[in-house]
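Once you have looked at the hints, place chain W with the ligands on chain P.
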Amino acid sequence: MNTPLLNVENLCIEFPTRRGTLVAVDDISFTINPGEIVGVVGESGAGKSLTGQSIIGLLEPPGRIAGGSIRLNDQRIDNLPENQMRKIRGKKIGMIFQDPLTSLNPLYTIGKQLIETIQTHTDMTVTQAREHAVNLLEEVGIPAAAKRIDHYPYQFSGGMRQRVVIALALCVNPLLIIADEPTTALDVSIQAQIITLLKKLCKDHGTAVILITHDMGVIAETADRVAVMYAGRLVEVGLVRQVVKQAAHPYAKGLMNAIPSLTKRVEKLTQIDGTMPGLKDIPNGCAFHPRCPDCMDICREKRPELTDIGPTQVACWSYHDCKH
Amino acid sequence: MPAFIIRRLLQSMIVMFFVAMVAFLMFNYVGDPVHQMVGIDTSFEDREALRESLGLNDPVPVQFFRFIGNAAKFEFGISYQHKRSVTGLFKERLPATLELSFVAALLSLVIGLPMGVYAGLKPDGWLSKVFLSFSLIGVSLPTFLIGILLIFIFAVTLGWLPSYGRGEVMHIGWWSTGLPTISGLKALIMPSITLGLFQLTLIMRLVRSEMLEVLRTDYIKFARARGLSNRAIYFGHALKNTLVPVITITGLQIGSIIAFAIITETVFQWPGMGLLFLQAIHNVDIPIMAAYLMLVAFFFVVINLTVDILYYVVDPRLRLDLGKANGS
Ligand SMILES: Nc1ncnc2c1ncn2[C@@H]1O[C@H](COP(=O)(O)OP(=O)(O)OP(=O)(O)O)[C@@H](O)[C@H]1O
Ligand SMILES: [Mg+2]
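In the order they appear, the protein sequences are chains P and W.
First residue of the first sequence? That's 1 in my numbering, and the numbers climb one at a time after it.
First residue of the second sequence? That's 325 in my numbering, and the numbers climb one at a time after it.
Okay, chain P solo, but in the shape it has when bound (with noise of 0.2 Å):
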């Protein structure tokens, strides 16, 4: 078996507050191969952007890391001390945000924000830095790089931004990447460039990612795997086309459903029932049981793990049954 690049296991985020300990992300576990693209989806507030600021060591006190371990190629990163991740962040995990307009510091060119992180993590100089800079707007494809390299931020459409961002969280080849939503706040009709770009520039560079949206069409498009989040847990992880054709959480069925599709003939799109709960009222048992069409009593009582049914994960207690 290869190891994998980076190992998730039992991980749990939490924030103590006046009433108690909010429990934000509740020990989940999962897995990223070399090279590989993994869609992480699950409506807003499921844990996936905390999820992505744990594994490269940004998460925001008050939150923070209560159990589990975090591996990047069998090397434990969740408790380094800050000098040392410093050195694994931009150099082996690299990340893209959801706004391309604020991701760059408006005061300095492009130029000097790109080969200020190259000489962070190499040793370059000054002018093999700025020529792998301009390799690198070229590759990302921005128009006249050697000349745009000295322009400021402010001169760039929030496409080519974004560009620009991609060629920074790419500038010393870090082995994944964390996108957490980077088209969000694009131009619909540049968001697909955007992601073909991103796919295209990992599989050049043999770069995983962890691609964290809410778009299941870019998923489906795009990512080899997807984990699907409900309320802070993992409800299903499994192959892309396994999960959009035969998802089995009811869950991510409901996900699935929603995704509008130029191939089958729909007549409407469905939509899940209820609103998820607030870290505060996550019920006992499977958290999605109140809004579960196929909500049994044991739904209620005792938690799902994550199992293996096959061709996916998944944690449902309907499918536990046709394992046993």
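No lab work stands behind these hints: they were computed from the structure.
None of these values were measured; they are calculated from a predicted model.
C-beta atoms are modelled at their ideal positions from N, C-alpha and C, and glycine is treated no differently.
One should not assume that every hint holds.
Only pairs whose alpha carbons sit at most 30 Å apart, straight line, appear in this in silico DSBU-like list of lysine-lysine [what the hints assert, rightly or not]:
{"no.": "1", "chain 1": "P", "residue 1": "LYS199", "chain 2": "W", "residue 2": "LYS545"}
{"no.": "2", "chain 1": "P", "residue 1": "LYS253", "chain 2": "P", "residue 2": "LYS200"}
{"no.": "3", "chain 1": "W", "residue 1": "LYS446", "chain 2": "P", "residue 2": "LYS112"}
{"no.": "4", "chain 1": "W", "residue 1": "LYS545", "chain 2": "P", "residue 2": "LYS203"}
{"no.": "5", "chain 1": "P", "residue 1": "LYS147", "chain 2": "W", "residue 2": "LYS564"}
{"no.": "6", "chain 1": "P", "residue 1": "LYS92", "chain 2": "W", "residue 2": "LYS564"}
{"no.": "7", "chain 1": "W", "residue 1": "LYS446", "chain 2": "P", "residue 2": "LYS87"}
{"no.": "8", "chain 1": "P", "residue 1": "LYS147", "chain 2": "W", "residue 2": "LYS545"}
{"no.": "9", "chain 1": "P", "residue 1": "LYS200", "chain 2": "P", "residue 2": "LYS280"}
{"no.": "10", "chain 1": "P", "residue 1": "LYS92", "chain 2": "W", "residue 2": "LYS446"}
{"no.": "11", "chain 1": "W", "residue 1": "LYS545", "chain 2": "P", "residue 2": "LYS92"}
{"no.": "12", "chain 1": "P", "residue 1": "LYS245", "chain 2": "P", "residue 2": "LYS280"}
{"no.": "13", "chain 1": "W", "residue 1": "LYS545", "chain 2": "P", "residue 2": "LYS87"}
{"no.": "14", "chain 1": "P", "residue 1": "LYS280", "chain 2": "W", "residue 2": "LYS545"}
{"no.": "15", "chain 1": "P", "residue 1": "LYS87", "chain 2": "W", "residue 2": "LYS415"}
{"no.": "16", "chain 1": "W", "residue 1": "LYS407", "chain 2": "P", "residue 2": "LYS91"}
{"no.": "17", "chain 1": "W", "residue 1": "LYS564", "chain 2": "P", "residue 2": "LYS112"}
{"no.": "18", "chain 1": "W", "residue 1": "LYS453", "chain 2": "P", "residue 2": "LYS112"}
{"no.": "19", "chain 1": "W", "residue 1": "LYS415", "chain 2": "P", "residue 2": "LYS91"}
Chain W stretches covered by chain P per the calculated footprint, using a threshold of three residues with CB under 8 Å from any CB of chain P [to be verified]:
{"no.": "20", "region": "529 to 537"}
{"no.": "21", "region": "550 to 562"}
Chain W with the ligands only, in chain P's frame:
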């Protein structure tokens, strides 16, 4: 030079023009200048002759432009009370005020900025809390009270520092300075602290809140995610972004430091323009008042212009017109 600086320059000139108008009106219509200059026993003919020789019988616009012409050469006539040219008096007093204001501003910047940065980076540290409580004192105590307290402690009780005056000064041409002498430096300590304390706390609080603000921005998060060192993030990326508001406030404050020097100069009997101005008010010495008004307005205008140019240096977005020119 970019168009906006030229625009600012023109605006400054308009401002100066209106200030000159106010000064001129004051000059001519607050009391009778001739009346102020002569004794009670001067005859009517002598007064008329003086009036004629001063050009006070010319039409008002002519007088106004003559006033502006003189003001441009910084000539405001003879002080009523000192019977000396205002220019000479100001030359004597200006260095004292500027030195005091400059040292006070420098002090507030050199101390206030690092304190603000520290308090912004470590908002929960005990030292930050000490800084904040201290800044409350600076903001809420009136200047004269701080001055008097300092005098009481360091001059009266401990006897370490002189309670009034500039100490020994050195003359370089018409400029006088207390900086090279020990007694001059000693004399400068308390007045400059008194004058600069408010600004110091203001700058500190401003830098702190700007720093907290900037550290929450996405580009700082992204800089962290790229593994940049804390030093590069705090001092390269964050601090520079706090500078624009800090420059604004500091600029405005330097103006008010010069203007507020009046109070400090009175408390410490500092032989500067403020003291001169206060005495001029007592004695309705219009030429000095007019000159002071013009000078302070001039300082404000120059400072504002400098601030605008600094913006331009710090923030590339203001260089938009140039950026467009070389194509985007
Ligand atoms: N500082 C905080 N204190 C308390 N709760 C927090 C804090 N930050 C985040 N949370 C909670 O953690 C949960 C997960 O947040 P997260 O940002 O990971 O959601 P998400 O899945 O990324 O949602 P979105 O799709 O809206 O980005 C949310 O319910 C949120 O309310
Ligand atoms: Mg999010």
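Any hints this thing doesn't respect? Which numbers, in order?
Structure breaks hints 9, 12, 15, 16, 18, 19, 20.
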